[in-house]
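2 protein chains.
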Amino acid sequence: MAYELYYWPSIQGRGEFVRLALEEAGADYIDAAREAEGVAVMLRMMKHAEHPPFAPPFLKDGETVIGQTAAILLYLGARHGLAPKDPAGGLWTHQIQLTLGDFVAEAHDTHHPVGVSLYYEDQKDEALRRAQDFRDSRIPKFLNWFEAILARNPSGGGHLVGKTLTYADLSLFQAVEGLSYAFPKATARALTKTPLVAALHDAVTERPRIKAYLASPRRIPFNQEGIFRRYPELDG
Amino acid sequence: MAYELYYWPSIQGRGEFVRLALEEAGADYIDAAREAEGVAVMLRMMKHAEHPPFAPPFLKDGETVIGQTAAILLYLGARHGLAPKDPAGGLWTHQIQLTLGDFVAEAHDTHHPVGVSLYYEDQKDEALRRAQDFRDSRIPKFLNWFEAILARNPSGGGHLVGKTLTYADLSLFQAVEGLSYAFPKATARALTKTPLVAALHDAVTERPRIKAYLASPRRIPFNQEGIFRRYPELDG
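First to last, the sequence lines map onto chains A and B. According to this note's numbering, the first sequence is numbered sequentially starting from 1. According to this note's numbering, the second sequence is numbered sequentially starting from 237.
Possibly wrong hints are sitting among the right ones.
Listed below are the simulated EDC-like cross-link pairs for lysine to aspartate or glutamate, each with C-alpha atoms no more than 20 Å apart in a straight line [to be verified]:
hint	chain 1	residue 1	chain 2	residue 2
1	A	LYS185	A	ASP235
2	B	LYS360	A	GLU23
3	B	LYS377	A	GLU50
4	A	LYS141	B	GLU442
5	A	LYS211	A	GLU23
6	B	LYS360	A	ASP122
7	A	LYS85	B	GLU299
8	B	LYS399	B	GLU299
9	B	LYS360	A	ASP125
Covered stretches of chain A, going by a simulated chain B footprint (3 or more residues, C-beta under 8 Å) [claimed, not checked]:
hint	stretch
10	2-10
11	18-32
12	49-59
13	71-83
14	175-188
15	216-224
On the chain B side, residues computed to face chain A include the following (Cβ under 8 Å) [claimed, not checked]:
hint	residue
16	TRP244
17	PRO245
18	TYR311
Because the hints were derived from the structure by calculation, they are not lab data. As the structure is a computational prediction, the values presented were derived from the model and not from experiment. Glycine included, each C-beta is placed from N, C-alpha and C at the ideal position.
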């Protein structure tokens with residue numbers, strides 16, 4: 001039976017980390033909220049499921065409903081060879097993913113530093129300050145951490161964990177994609193100092209299934225409603 | 237061999253979620269950064285470990301080093317009966333923990349909406365706005381979600397998952413503790429509408445090992461350096 005992914009149908013957002021894993025795995029899945037009535041079904045499940053997800057994305061696999069991006073990837077990674085089979089390697093991959101999740105949450109908060117219930121225009125002054133701190137301190141700190149992990153991976157080969165691709169590699173690719181869209185200047189600057197991160201990003205774009213996905217209509221373009229938004233005044 | 241927990245020695249912070257699990261499990265552990273030279277050792281490990289944690293807390297179990305609060309609890313929960321043994325139940329417990337982590341991060345950002353590298357005093361205007369949104373929208377939204385899970389748990393018994401205590405119960409207790417310290421008025425107001433959450437909090441305080449822990453010097457009092465801080469102007 002096909003997986004059903006539930007996520008907002010007009011943005012990449014957090015759902016994109018799951019989409020990339022499903023695509024790389026060649027898994028049979030339905031992007032359920034992009035079908036007719038899909039959003040209504042999604043909202044109903046959030047309200048009434050025995051295990052209600054707090055927010056999208058969530059994945060339905062038969063009777064199992066799993067929320068939280070990192071938990072979904074933990075589940076998919078073990079089933080589709082996108083994480084090491086040994087428990088320590090699996091946990092390390094998950095730890096990297098959780099840190100990526102923190103990074104993505106901070107990227108989101110650059111344009112919503114006061115609250116998600118307010119428009120960007122109503123928190124622009126705060127956003128200018130937060131984005132500066134994010135560009136100057138946080139982007140380099142996070143990217144340097146990933147660079148150190150890549151450099152220190154005893155298996156080498158350009159992956160974060162072990163010798164083969166994991167969902168953490170796909171997620172780092174997506175984080176770099178999003179940052180490059182939202183903060184093109186600051187990200188390009190940071191990437192010159194983290195060449196292993198840049199190389200991993202480029203290598204992922206060349207994987208056949210990912211390449212096909214990125215060229216397909218299934219890949220939603222970045223826009224001003226997602227996590228990563230291009231407000232030129234927030235870059236620099 | 238005793239576990240070694242590494243976390244900032246003067247605050248509860250995110251380390252407290254791990255401390256509570258270790259205490260409830262009756263596990264043999266050292267709060268390593270509270271020993272002499274402990275912080276220096278912690279910072280060295282963050283810099284040089286093959287699997288460097290991005291930030292404290294992290295747990296050392298023999299040669300294994302695990303960072304990210306939720307990943308540590310996933311590891312401990314399986315070893316100490318603080319999570320269901322079946323994979324679906326374990327993942328659901330983890331999903332709840334990840335949502336608690338999001339809630340805690342938002343609580344932190346009420347006093348640091350611009351950036352962690354700046355003092356509260358330098359982002360107080362932004363903090364006033366963010367705290368209002370947090371009190372009015374986010375505290376009720378999160379607590380209502382936990383209330384629904386407690387009400388919907390088919391096993392009943394006042395636990396989030398299954399019939400017995402999990403680390404998610406301990407973490408929800410700690411979130412309520414922190415919120416009640418930082419936002420006493422707003423939290424008391426929200427808890428009147430989420431009686432199952434309030435009852436779970438109270439039940440956890442009566443567990444013998446937790447009760448002994450809370451009365452011991454191992455429990456660091458809340459203060460103005462942790463995640464949960466009492467700035468009266470942010471409550472209301």
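Hint check:
1. A:LYS185 with A:ASP235: holds (6 Å)
2. B:LYS360 with A:GLU23: violated (44 Å)
3. B:LYS377 with A:GLU50: holds (17 Å)
4. A:LYS141 with B:GLU442: Status violated; Cα separation ~42 Å.
5. A:LYS211 with A:GLU23: holds (10 Å)
6. B:LYS360 with A:ASP122: The given pair, whose Cα atoms are some 17 Å apart, holds under the 20 Å limit.
7. A:LYS85 with B:GLU299: Holds. LYS85 of chain A to GLU299 of chain B sits at ~18 Å (cutoff 20 Å).
8. B:LYS399 with B:GLU299: violated (34 Å)
9. B:LYS360 with A:ASP125: Answer holds: LYS360 of chain B to ASP125 of chain A is near 13 Å, not above 20 Å.
10. 2-10: It is violated: at least three residues are needed, and the stretch 2-10 of chain A offers just 0 whose Cβ sits closer than 8 Å to chain B.
11. 18-32: Violated - the stretch 18-32 of chain A has 0 residues with a Cβ nearer than 8 Å to chain B, which falls short of three.
12. 49-59: It holds, with 5 qualifying residues against the three required.
13. 71-83: holds (count 3)
14. 175-188: n = 0 at 8 Å, threshold three: violated.
15. 216-224: With 0 residues closer than 8 Å to chain B, the stretch 216-224 of chain A misses the three-residue bar; violated.
16. TRP244: Hint on TRP244 of chain B: violated, closest Cβ of chain A at ~17 Å, above 8 Å.
17. PRO245: violated (22 Å)
18. TYR311: holds (6 Å)
Of the hints listed earlier, those the structure fails to meet are numbers 2, 4, 8, 10, 11, 14, 15, 16, 17, in rising order.
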